[in-house]
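Trainee: Okay, here's what each chain looks like letter by letter:
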Amino acid sequence: MVRLSISRHWREKGAYYRLEGIECLDCGKRSYPPAPVCPHCGSRNVRRVKLPRTGRLLSYTITYSIPEGFREYAPVMLGLIELDDGTRLVSQLTDTKPEELRENMRVEAVLRRVQVDGEYGLIHYALKFRPHRPGGRKE
Amino acid sequence: MESKVYVIGVGLTRIARLYDKGLTDLFAEASLKALEDAGWPEVDAVVVGSMLPSIHNEQSSLASLLAQSLPYTRGKMAVGVEDADNSGLAAVIKGYSLIASGLAKTVLVAGVEKMTEYPSAMAIRALSQACNAQHELFHGATLISLQALLMRLYMNTYGIDRDTMSAWPVLMHSNASENPYAQLRFKVTKEQVASSMMVSDPIRLLDSSPIGDGAAAIVLAASDAAGSRNNAVEIAAVAQASDTVGIAYREDPLRLLAAEKAARTAYEKAGIKARDLDVVELHDTTTILGLLGLEALGLSPRGKAAVMVDEGEFSSKSKPSVNLSGGLKARGHPAGATGVYQAAEIALQLRGDYPGRRAPDPEMGLALGLGGLGSTASIIVMRR
Amino acid sequence: MHPEDKTGIVGWGAYVPRYRLKAEEIVRIWGFEKTVPKGLFIIEKAVGGSDEDAVTIGWEAARNALMRAEIDPKEIGAVFFGTESKPYAVKPSATIIAEALGITPVTMASDMEFACRAGSEGLRASIGLVASGMVKYAMTIGADTAQANPGDVLEFTASSGGAAFIVGPREEAAAYFEGSYTYVTDTPDFWRRAHSHYPLHGEGFTGEPAYFNHIINSVKGLFNKLKLTPDDFDYAVFHQPNGKYPLRVGKRLGFPKEKIMPGLVTPWIGNTYNGSALIGLAKVLDQAKPGQRILVAPFGSGAGSDAYSIVVTERVEEKQRLAPMVQEYIDDKVYIDYGLYAKYRGIIRRITG
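Protein chains in written order, with this note's numbering: chain G, 1 to 139; chain L, 1 to 384; chain D, 1 to 353.
Any given hint could turn out to be false.
Quick list of simulated restraints, FRET-style, between CB atoms [as the list claims (entries may be wrong)]:
(1) G:Ala35 <-> L:Asp252: 15 to 25 Å
(2) D:Gly102 <-> L:Gly102: 57 to 67 Å
(3) G:Ser43 <-> L:Arg17: 30 to 40 Å
(4) G:Glu68 <-> L:Asp20: 23 to 33 Å
(5) L:Asn156 <-> D:Pro92: 27 to 37 Å
These are computed hints drawn from the structure, not numbers from a lab. Where is the CB? At the ideal position from N, CA and C, for every residue including glycine.
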């Protein structure tokens with residue numbers, strides 16, 4: 001049986017897969033997730049942009065009170081993240097441990113499974129954030 | 001010219017895991033008490049605040065369904081209000097608006113919620129619908145874990161330690177210990193708070209409101225319908241405001257913009273300042289939201305609320321006394337019912353017959369309800 | 001002249017998950033004799049986390065390849081995804097990766113299946129498409145979260161990881177293809193039926209008639225075609241189901257150990273199935289010098305082998321630092337026990353609604 005909506009997640013794939021947000025052509029601020037109006041100044045003069053994949057942790061939490069469907073990722077670690085261009089977002093943190101988390105820690109976006117609809121439904125993918133792994137140059 | 005609106009009756013149920021009572025049972029218990037308290041007036045409308053009946057009870061058309069359990073309501077207006085976990089106060093303001101606009105003379109406003117129909121993993125997910133489903137909940141965030149992000153940010157930004165933060169739950173539990181309707185009627189120490197189970201670091205179990213069922217009801221009436229009832233309490237002002245549902249959109253996540261704006265509007269309308277308040281009930285889903293609420297109402301400078309609580313402010317001997325019920329933290333938080341509890345508690349305080357801890361001879365009271373992390377805020381100001 | 005030599009690798013990338021399970025942990029849990037890992041030359045293996053699968057692993061390898069290619073993703077005209085642990089039995093995985101990398105919608109995209117050489121088949125197809133001029137760039141990805149029946153000797157090696165290559169014009173390439181050769185027969189050495197969670201295999205039968213026969217024939221075929229001998233190559237990379245087989249097949253073909261070791265990864269990350277030889281190739285490219293020649297020979301059960309001769313160009317060095325290197329992924333590790341491994345790889349039966 002399918003519990004999670006197909007279309008509701010499918011239509012967000014620009015944001016989920018590629019970190020698409022909006023940039024306001026009036027106040028210049030960027031926002032995530034994308035919206036028809038700039039949340040900062042109310043302008044409709046916005047364009048879709050691909051946001052930088054790296055940033056830092058402004059705040060984080062380790063959750064032991066797990067909502068239905070997330071037990072395999074417990075404890076669920078969440079971050080309030082500021083991307084390198086100043087855009088903020090809330091995302092799940094992955095490939096890390098509670099004792100590794102620090103404020104201002106560098107993080108990078110990676111595609112991961114976010115929710116799996118039981119044994120037969122869809123696998124919903126999106127970008128999560130993990131501590132920056134060593135190697136290569138920063139994008 | 002708006003008609004003046006009065007609270008002429010209140011009724012509450014105890015908040016608990018009430019497995020043997022359904023939505024109708026709880027609603028009827030609170031509503032019949034409120035109607036009795038009001039002297040059995042004829043009501044023109046029934047307004048019901050509830051957040052999750054379509055999830056936990058597979059029930060829409062809730063107001064009509066519940067009105068069936070009251071005498072003489074068939075054919076009357078019955079309407080539901082959903083505004084996340086602010087549904088209760090939003091329903092009170094809906095009832096107020098019906099009377100102020102002249103559409104009704106007497107309105108029964110009830111808030112009711114069943115939070116215990118499913119295992120807690122599902123209740124957590126349901127309650128978290130107060131946040132952004134598509135971009136917060138999708139990632140496994142919850143109403144509580146998002147507040148944990150704010151709590152850590154608050155503690156780091158203002159340099160507040162765990163011990164100071166713990167003063168809030170200690171005060172809430174102390175207040176709730178004398179409230180016969182509270183879900184958690186026991187006192188706690190700072191040490192107990194700091195060593196309680198971690199729910200969402202740094203939020204611990206004793207920072208967090210419990211899951212419980214409950215219902216509250218109040219009867220509102222226009223001045224002519226309120227008649228000469230000597231315990232009628234006047235509603236001096238109501239106000240509502242909104243903010244972004246995602247916390248990432250907010251320029252300063254430690255500001256509850258909706259609550260600030262609603263407070264400014266309400267104070268102006270009632271012709272008062274924050275310092276005129278004697279008794280306040282505010283929306284502390286967890287410790288951090290309680291503190292941010294104090295700051296948004298102008299009862300504390302920004303970043304100072306935790307220290308003020310720790311220094312003994314906001315107790316039953318203070319002006320204002322805050323959350324003498326025990327707040328969401330210890331009175332309990334039956335989601336969409338909570339705001340009606342708050343309104344009823346303020347009315348009882350001003351009447352002088354609150355069954356728990358009382359503020360010293362209060363004249364001016366306020367209730368603040370929040371949806372989610374302050375994406376909606378409702379304020380009601382009452383005068384004796 | 002061969003059509004292959006108009007094409008080359010313009011970007012390569014690998015990805016290895018962070019978690020490692022030591023072979024001695026499998027010895028402990030399943031009661032193996034303690035010298036078994038040494039016999040297989042396996043020390044530890046990489047394990048994908050709870051939220052990783054072949055798609056997410058393939059995405060990260062492909063993203064690294066794109067970083068090295070420094071091209072507009074929209075210029076990629078084909079995406080081939082080789083895996084034997086596809087998250088969906090029906091529904092392409094290649095489209096998820098192509099969409100997430102901004103390659104869609106004007107592109108070919110398909111999942112390939114040929115046990116461990118599906119990704120290599122994608123490489124041959126990519127060469128053909130680019131050489132013919134049908135597309136400017138083509139991407140092939142080999143990635144797996146390899147399955148093994150718990151307690152089977154295969155469990156020592158079956159691991160998670162992947163690699164990706166973007167094939168494009170030789171002028172832009174860090175290394176170009178001199179030639180390629182494929183040798184396939186129907187040899188059922190290893191298989192997984194449609195509804196089975198784990199593969200079965202013919203044990204010793206996977207060796208001589210399958211692995212050795214096919215790799216030796218593809219490599220010898222390539223040598224004949226290109227008139228080359230082992231002495232002409234600086235590196236030799238073979239499919240690596242364990243640490244021992246690639247050394248043994250290399251020796252039989254006339255390659256000294258020193259030419260094989262730089263591309264040998266299985267002893268430290270396990271057999272990543274479709275990633276196996278391709279991660280080895282990525283690791284060699286991470287360190288190769290202009291003018292060097294690389295032999296790569298992936299193998300897939302069932303059975304078949306491809307052999308490629310690849311010549312490194314002067315562009316290689318500028319690209320090496322543009323993305324994380326294989327060795328960096330190998331070194332960045334966190335050890336887990338069998339319990340976490342079982343949870344991460346979904347081996348624990350639970351109700352998921």
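Trainee: So the hint says 27 to 37 Å: do the beta-carbon atoms of asparagine 156 of chain L and proline 92 of chain D match that?
Mentor: Because 45 Å falls outside the window, the suggested range is violated.
Trainee: Given a hinted range of 23 to 33 Å, is it respected by the beta-carbon distance of glutamate 68 of chain G and aspartate 20 of chain L?
Mentor: holds (25 Å)
Trainee: Would you say the C-beta atoms of alanine 35 of chain G and aspartate 252 of chain L sit inside 15 to 25 Å of each other?
Mentor: Given range 15 to 25 Å: holds, Cβ gap about 19 Å.
Trainee: Range first: 57 to 67 Å. Now tell me if the beta carbons of glycine 102 of chain D and glycine 102 of chain L are that far apart.
Mentor: Holds: the Cβ-Cβ distance is about 58 Å, inside 57 to 67 Å.
Trainee: Is 30 to 40 Å right for how far apart the beta carbons of serine 43 of chain G and arginine 17 of chain L are?
Mentor: The hinted range 30 to 40 Å is violated for serine 43 of chain G and arginine 17 of chain L, with Cβ atoms some 48 Å apart.
The structure does not agree with the numbered hints 3, 5 stated previously, though it agrees with the rest.
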